[in-house]
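Now for the letters of each chain:
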Amino acid sequence: MTPSDRAGALLSLPGLLLGVAVFFYLFFAKTVCEPFYQANQLLDFDALTKSNPRVAAKLGGPITPPSREGLAFHREPVLPVFCSPR
Amino acid sequence: MSGAALPKLALGFVAAAIVALYAHAIFYTPIAYGDQFQEIHRTFTWSLSQYLSSYMAGQGPLFRPGEIVLRYVILYGFGGDPFAYNYFQILYLALTAIMALSLVPCRNWADAGAAITALAFLFGHHAYVAVMEANITFSNGLVLLLMLVVLHVLQAKGSLTTQILAIALSLAAVLTKEVGLIVPVALASGALLGFPGVRRSTAILLVALILAYVGYRLATLPPFEGEMGASTPHTFAERLSNMIAAPVMIVTGDPFDGEWSQFLSRHLYPWRIIRIALGLATIIVILAAYLLRKRAAEAFPDQELVDGKWMLLLLIVGAASSAIAFQYTRHRFGAMVLPVAFLLLDRSLRILIWRLSRIDVAAWARVAAVSLLFAFSLGWATRAADGFVVLRNIGAKIMIDWIEHWQEYRAYEGRDPGTLPYLDASFWAAEEMPWPTVRDDWPFVKFWLGDEDVMNR
Numbered sequence: 000m001t002p003s004d005r006a007g008a009l010l011s012l013p014g015l016l017l018g019v020a021v022f023f024y025l026f027f028a029k030t031v032c033e034p035f036y037q038a039n040q041l042l043d044f045d046a047l048t049k050s051n052p053r054v055a056a057k058l059g060g061p062i063t064p065p066s067r068e069g070l071a072f073h074r075e076p077v078l079p080v081f082c083s084p085r
Numbered sequence: 000m001s002g003a004a005l006p007k008l009a010l011g012f013v014a015a016a017i018v019a020l021y022a023h024a025i026f027y028t029p030i031a032y033g034d035q036f037q038e039i040h041r042t043f044t045w046s047l048s049q050y051l052s053s054y055m056a057g058q059g060p061l062f063r064p065g066e067i068v069l070r071y072v073i074l075y076g077f078g079g080d081p082f083a084y085n086y087f088q089i090l091y092l093a094l095t096a097i098m099a100l101s102l103v104p105c106r107n108w109a110d111a112g113a114a115i116t117a118l119a120f121l122f123g124h125h126a127y128v129a130v131m132e133a134n135i136t137f138s139n140g141l142v143l144l145l146m147l148v149v150l151h152v153l154q155a156k157g158s159l160t161t162q163i164l165a166i167a168l169s170l171a172a173v174l175t176k177e178v179g180l181i182v183p184v185a186l187a188s189g190a191l192l193g194f195p196g197v198r199r200s201t202a203i204l205l206v207a208l209i210l211a212y213v214g215y216r217l218a219t220l221p222p223f224e225g226e227m228g229a230s231t232p233h234t235f236a237e238r239l240s241n242m243i244a245a246p247v248m249i250v251t252g253d254p255f256d257g258e259w260s261q262f263l264s265r266h267l268y269p270w271r272i273i274r275i276a277l278g279l280a281t282i283i284v285i286l287a288a289y290l291l292r293k294r295a296a297e298a299f300p301d302q303e304l305v306d307g308k309w310m311l312l313l314l315i316v317g318a319a320s321s322a323i324a325f326q327y328t329r330h331r332f333g334a335m336v337l338p339v340a341f342l343l344l345d346r347s348l349r350i351l352i353w354r355l356s357r358i359d360v361a362a363w364a365r366v367a368a369v370s371l372l373f374a375f376s377l378g379w380a381t382r383a384a385d386g387f388v389v390l391r392n393i394g395a396k397i398m399i400d401w402i403e404h405w406q407e408y409r410a411y412e413g414r415d416p417g418t419l420p421y422l423d424a425s426f427w428a429a430e431e432m433p434w435p436t437v438r439d440d441w442p443f444v445k446f447w448l449g450d451e452d453v454m455n456r
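Protein sequence lines correspond, in order, to chains A and B. Using numbering that gives the first Met the number 0, read the first sequence as starting at 0 and increasing by one per residue. Using numbering that gives the first Met the number 0, read the second sequence as starting at 0 and increasing by one per residue.
Some hints could be false.
Stated by the list, open to error - BS3-like, lysine-lysine: derived pairs with alpha carbons at most 30 Å apart:
| hint | chain 1 | residue 1 | chain 2 | residue 2 |
| --- | --- | --- | --- | --- |
| 1 | B | Lys396 | B | Lys156 |
| 2 | B | Lys156 | B | Lys293 |
| 3 | B | Lys293 | A | Lys57 |
| 4 | A | Lys49 | B | Lys445 |
| 5 | B | Lys7 | B | Lys396 |
| 6 | A | Lys29 | B | Lys293 |
| 7 | B | Lys7 | B | Lys445 |
| 8 | A | Lys49 | A | Lys29 |
| 9 | B | Lys445 | A | Lys29 |
| 10 | B | Lys396 | B | Lys445 |
| 11 | A | Lys57 | B | Lys7 |
| 12 | A | Lys29 | B | Lys396 |
| 13 | B | Lys7 | A | Lys49 |
| 14 | B | Lys7 | B | Lys156 |
| 15 | B | Lys293 | B | Lys308 |
Unchecked claim - Covered stretches of chain A (in silico footprint by chain B; criterion: 3 or more residues with CB under 8 Å from a CB of chain B, positions within the stretch not fixed):
| hint | region |
| --- | --- |
| 16 | 0-7 |
| 17 | 10-16 |
| 18 | 23-37 |
| 19 | 44-54 |
| 20 | 63-72 |
The set of hints was computed from the structure by calculation and includes no laboratory data. Note that this is a predicted model, so its numbers are computed, not measured. Each residue gets a CB set at the ideal place from its N, CA and C atoms; glycine is no exception.
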């Protein structure tokens, strides 16, 4: 390995470490537990009160969701495996 | 396995990892209401000709018919529902990576180190992440993608096919968004600077296109009336301020949206200092390679140098971005400069690595120089990781918007009951998306990785 190759390999390291971290994160997220997302809280007013008190105070109560009848479109999303909510 | 195979594999692995990371967040980003819903509804319920004629009849201050065409291509090309926008964005991520990789050689580890760092720069730059909002992806983002193709065109042999491609790219860009003007400017300038890909006759046609576009824009469209926010200029001084702010934003990310008053009033979190330092360091790296061009010519072919014509092209593209800011400016406008900067950064790093391996200096000086380059590469890799944090925050912001403004959305759209099945479907589509746990992120993310400037505020 030439000196410039050694320097280049050193410069590659941060990107490669990022790549390895991404690989393990995605593998873990898709098979064991998704650490950066959890089940949706759009209709969970208690969760909103904890996570965003300003919006919860503004609304004063849970929102009334629309009917699921007659929707213009629907596609089943591919959901990950979630961890227990923190 | 040949000597080049492992470096190529490493480069491809890093590119795939960044695309996969961003795509993961994009896949879980709900459809936003603002700037999206009414356009989506019209695309589903109107014919293309009806939409275009309505758009042209009620012409506001913006001329973007290409955006409308793209909405039909995206919605009907990717499954016929609003998730199509997410799929289009994932395709955009992949195409950016493929086009970027096609521009840089990878024959050894020196090439790989330079290309991996340049790739982290491209994806980690605040302007790139900012174009990942859906509407922006198929306007500013499309122009970024076209600029990557422009770099191929400029370096091609100047065949008839290349000339047709140059004109087609220019038309597609200017019809999509104002910043698309950068594409014909880059191609025509390239011809004048001596790049082989664009013939003089094509350059004349492109200049005519630029003049026709600017003439049409100034003569027929009404001016902005402050609806674009504080960055909408009205006086000459405000326009000048925007035009100076635009290139400064491209390099440092500040002042946000051209508002100088925010520069010192906002908190100087570490991520902001890192962003500014990395932007300035990128300029220094490219300038250093330019100063080394004669010595570098001993080891690199002309096509791989950072010479005068490339530096001028970078300045022209930067100046064109600045000129467009006379109308209004945004921090994401730097996106169109990124392809040229990406290519020059790759070349510059290769030249610096080569020079450092040959220069006769004390060991400590060599170690210090290589350490600085390593810190530079590490910095851009962290910015690429930061892009994921930002995309999650964009998703979280859209979710909260659906909750906070749901009654307003429904009251507004309820004026036309035909829209409600689409609005309700969009609500449930958001409800079925995973929830980004940004509130639970560790404090170091906020201080070292967070980039609130890029988020959809």
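| query | Looking back at the numbered hints, which does the structure fail to meet, lowest number first? | reply | 1, 3, 5, 6, 7, 11 and 13
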